[in-house]
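J.: Single-letter residue listing:
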Amino acid sequence: DAGVTQSPTHLIKTRGQHVTLRCSPISGHKSVSWYQQVLGQGPQFIFQYYEKEERGRGNFPDRFSARQFPNYSSELNVNALLLGDSALYLCASSLLQGARETQYFGPGTRLLVL
Amino acid sequence: SQQGEEDPQALSIQEGENATMNCSYKTSINNLQWYRQNSGRGLVHLILIRSNEREKHSGRLRVTLDTSKKSSSLLITASRAADTASYFCATDASSSNFGNEKLTFGTGTRLTIIP
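Protein sequence lines correspond, in order, to chains W and X. Quick note on my numbering: the first sequence kicks off at 1 and runs consecutively. Quick note on my numbering: the second sequence kicks off at 115 and runs consecutively.
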């Protein structure tokens, strides 16, 4: 079975631009979470979606938004990019809602903002 | 904010030796998970231990959890070159099934296995 997939794998943007990152969860998984990992640090929680509803939000500005589609795939959108948004963006899926079950991570999208 | 703090930040050992990493956290938790990350790629789930468990094994991995000390340890026995990676602990401290459930990660331990 395919694991969590993310696209694109790498992305270069300039300050002020907008970016959309995509995630497909493991088949049958209904929960998707997004994390940001800045170089040298651990991942930081951004959003969690379960059954197409937002169920959690981390301490990120409103420039960050996300949604989950009927097929449980998800998009993370970031507006007005800043240099500090350069990071590895990770998507995780789980069978049930939340962090009480094993979270399976995708390979990530590496975003560089110039 | 970082809930978990791994110790040490970096560890280098000879192949075949055992590697021990520690994780401390600040609040009560539902579970603690350990992940491995190779060269800034995606995270690979290693093991999940729930708050009512004290020890779990998976292959060459042994995880302990001491909720009274708010700490966990990951032991990798008979290390291999392929174990070279960063290791993160992550805690779930959510208070309800419909609350703000998330994993809070530590800063990681960088493990290097010397052939």
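Please keep in mind that the hints were generated in silico from the structure rather than gathered at the bench. Be a bit skeptical, because a hint or two may be false.
Unchecked claim - Coverage of chain X stretches by chain W, computed from C-beta distances (three or more under 8 Å per stretch; other residues unrestricted):
hint	region
1	121-132
2	141-148
3	151-158
4	178-186
Idealized CB from N, CA, C, for every residue including glycine.
J.: Which of the stated hints cannot be reconciled with the structure, identified by number in ascending sequence?
T.: 1 and 4
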